[in-house]
Each structure stands twice: as C-alpha cells, then as structure tokens.
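> Residue numbers (my numbering): 1 to 564.
Hint data in this document are derived by calculation from the structure and do not stem from the laboratory.
Check the hints yourself; a few may be wrong.
Said to hold, decoys possible - Result set (SDA-like, lysine to any residue): computed pairs, CA atoms no more than 20 Å apart in a straight line:
id: 1; residue 1: Lys20; residue 2: Met44
id: 2; residue 1: Lys128; residue 2: Asp118
id: 3; residue 1: Lys519; residue 2: Ala535
id: 4; residue 1: Lys492; residue 2: Ala535
id: 5; residue 1: Lys128; residue 2: Ser190
id: 6; residue 1: Lys128; residue 2: Leu176
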Amino acid sequence: MTDPSGAEALVRMLQLSGVKYIFGLCGDTSLPLYDALARLDHGMAHVLTRDERSAAYMADGYARIARRPGVCEGPSGGGATYILPGVVEANESSVPVLAITTDIATTSRGRYTLTELDQAALFRPLTKWNATANVAADIPRLIRAAFSAMTTGRTGAAHLCLPFDAQKGAVDPGELWVDPAVATYPARRSGADPQEVERAAALIASTANRLVIVGGGVVLSGAERELAEFAARSGAMVATTIAGQGSLAETDPACVGVVGSNGGTPETRAIVDMADLVIYIGCRAGSVTTERRRHPAPGRTRVIHIDVDPAVIGANYAADVGLAGDAKLVLRQLIGALDGHAAFALPARLDAAAVAAAKESKRAAFMRLALSDEQPIRPERVVHELREALPAQAIVVADPGTPCPYLSAYFEIRSTGRRFFSNRAHGALGYSMSAAVGAHFADPHVPVVAVMGDGSFGFTAGEMETIVRHKVPVVMLVISNAVYGWIKAGQKSGFDARYFSVDFSRTDHAAVAAAYGVKSWRVEDPARLAQTLRAALDCGGPALVDIVCQPLHEARAPVSEWVA
C-alpha cells in the first residue's frame, strides 16, 4: 500500500478533525485536492459555490452556528484574492475559519507562471495563523497547528497555502492524527488571576448602578447561562453590542438591548449614561459600541474589562480592573467571589423603573412606525412583521446597510445563542445570503432568513444557483430602494445632502430570483407583507421576498450620527 499523497493526507486530516462541509470553488491548481475528495470515502460534503467570497462567508456562517471551524477552499491567483474578504471578516470577528488555497508548484516560482502571487504575504496580516506547505510531509503538522490556533485564545481565522507539487508528494501515514480537543471552540480555556477577580468583586460590591456591556465574547464562549447568573447575582443590567446579541434574551427584564451608534437609541444611550460601573465582557469597547468614546464618557464611570485577549483591556478605557480570560470561566470566578463577599448582601441595580420606562419608550416609538401603512414600506414594518412570523429559535442574518441597524435595534431576540448576526468587523456587502447558507448547514432544523439591501443583492445574486442546486430552504428578504442607502444617509447628515454617485436603477429582484428557480414575491403594499412573509417561510424551499422600502436617508434609522 502506497503512502498517501499530500492531497489525500489533507482530506484525511480534515475528516479526523470532524469537518462535515467544505465550501469552495474549483481551479487548475486544485486538481489533486479535488481528485482526492472524489476518490476517498471521507463522509464530508463539498459545497461548490459560484464565488470564493461566498465560500468564505458560508464557512463563517457555518462556524458561528456549529461551534466548530468552518472550512473554505479556492485556487491560486484570483481565487486567493477573492476568498480574502471572507477570511478577514471571520478573523476580525473571532470566528474560526480555515481557508485553504492551492498554488502553483514550488518549482514554478519566479518564472512568471500564470496566477503566481505571494500568498503567504497576502494573508499574513489578515489571519491569526498562516502557513505554506512547501512539502507534502508538512501538511498533517500544519493542519494540527491551524486548528489549535483557530480554536484557542482569541479565536480567529487561519490560512494554509498548498502548492501543486506538495499536493502530489508522499506523506508518512503515521502522521495522520489530530487532537480532538481543538476540533471545536473555544478550546483550552483559561481563567483570570484570582487576585484580580477578588478586586473586581470588591468593586462590584461597593458600586451602585452597574451595567454590563457584552460583545461577541459571551456567545463565542457559550457563556450565556453564566451571564444570566452573574446579572442576577450582581444586580447588573445587561446591554449588548450587535455581536453580543443572544448573550441574554432581550425579553429578559435585565436586558437593555443594543447600545452604540449602530442599533442603539436615545433610550439605550440614557441607560449607559446612568451607570456608575460599566463591566465590559468580550467587548473591545470600540467606536461603534461607545459612540466614539462618548457613552460612557472616559473617567466618568468605573470600568471592569473582561476579555480573552489581554491586549483589548485598557485599549479604549482605563480599566480599574482587567480580567484576562475566557468569558465562561471568568464569570464563574466572579460569581463565586461575589457569593463569598461579606459586604455584598443585596444587589443594587440601576433604577429599575427608569430602565423599564426607557425600554417602553423605545418600544412605543418603534411601534408607531412599525404599524404605519405608508408606502414605500417603512423598514420598521418589515422588522415587526418578520419578528411576528418567526419562531424564537429562528436564525436571522443581516447584511450591513439598511437591515443591520433596524434589526439589531428592534428585532427582539427571545432566546439565547446565535440567533442574529451580521458582518460587523468590516461591513462588506454581499454577506448575508451566503452566511445564511452556512448557518443552514450547521443547523438545518430551524428557519434561516437572510436580510439584505438591493446593493448587497447585486454582490451575491449568483449564489441563488448554489442555493437551488443544494435545495437550501433559506428565505431571502431584499430591502429594495435602489440606493446605497448608508452612504446616501451619510451624505445627507454630514455633507449637506450633496448626493453623489449613490443611486442606481431599480431591479425586479423577484424576477431575478424566479429565473434561478427560487420561489419569489414582490411586495409594495404593507398590508400584504405579513401574509407574504408567512407564505415564503412555509414554502419548504428557497424563497425570496422583494420588499419596496423607504430609503435610509428618508427614514428614522437608529444610527446616532444621522439623528444628531
């Protein structure tokens, strides 16, 4: 029996690592890999996409829901450059994605070979881990290293370059083994310094008006139960960033909802300003969350900062106490410390009546617009009808632009876990359709809805062929207003409404979807919206609803810089 080739070894290593799906697009330099996938009995499914960006976004959506690394692949040259946007989004969002790009043979380097580029240099600054397998024998070791890097510490993306000749060389079969501990994330968790935990507990016990602001770290850690227990024990209210949604059900009385310049509202901002102590958990306290470091104002509140990445702590706010560690473990430590703290008899909470009044004011303002019969349809009406139509366990994926602020502010998450997400790290258009496909493969038993603007639709429409070919029952909502709305709203608020090069022709997105074989509807009358959404959700296959909506620059979007 001959030793496995590099391509065969790669397939076996992915199989041993628990990979179920590989999202990718074929190319000349990938022929040995594709042949190995075709010949070997490995139990993995390859999802052929129509664009390498989409492959990476599918892997991203899969990883967020499956709690294991997503895997995407593409060929050399343009394939490597196309896959990059999804890889950098995953890395900056702390989502474990392994991008495998094939390459020209090592013997062809420097000879002006077609598709030659320095892949290692291209991916190095944009991934957590990056390597090239110059010889086949390195492949098993590098796959083990990639999985370890992706799933430990601050989780993130990895890239492996596979030259053509390395895919064909021989590998020692004894090297085909993996560490199952790093097949899911987070792996090899670490807690915080016990002395710092005691300092944090003392500060919590001695401070009133406590507010927790949660980023994506709690959901990434699977620490939702610990957060709820900590909120109850400490008497803290809980606000989230967009990435932090699902950390605590937004129907919980202790949950404030989303804060910040994208999805926050004047009511949630007022709650932030009431706090005497802010506890950041798995949150970078960046420009969006803090409205450019204005809410909270630096120096006005005490700060405890919890993050798995020590470099995050103190980057934007001076931390009275910094706790470096996994959110689940650190919250358990804090709960134990509070239970043993003699001075901590009864939890003090932000003025519960004031918080409840603020939440009710936000809801009432939303509902006044959500029940409007205006045409074009108000985005608030879309959010309201979608929430009414979906079960609590549904997954909603939003593109940036019009969908993100409205959904993050007003689509009330009724259960914990990753029920809503968007590509918040870099905000590239064309994300939600593909990421929703990945989410479906991760959890095929719940409804998955992708909400996008018509600008985003233009980036990604070709993947409807992929969706139909694989019979993925994702429901796509297109917010149709014939404009790059976020930019036009910015031109209105910051540049005296000097609109330039942001409007485009209106497309019949339902007709485009029908041409791909997707069941589709077009809605202009708000009275037809609810029944159409239910028909799309009940159709049992791919569906698209084209909704003619009010553009952002004419709307009242929950984006603080436009309101100001």
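> Work down the list of hints and note, for each, if the structure agrees.
Status of the hints after comparison with the structure:
{"no.": "1", "hint": "Lys20 / Met44", "result": "holds, 5 Å"}
{"no.": "2", "hint": "Lys128 / Asp118", "result": "holds, 17 Å"}
{"no.": "3", "hint": "Lys519 / Ala535", "result": "holds, 10 Å"}
{"no.": "4", "hint": "Lys492 / Ala535", "result": "violated, 37 Å"}
{"no.": "5", "hint": "Lys128 / Ser190", "result": "holds, 19 Å"}
{"no.": "6", "hint": "Lys128 / Leu176", "result": "violated, 24 Å"}
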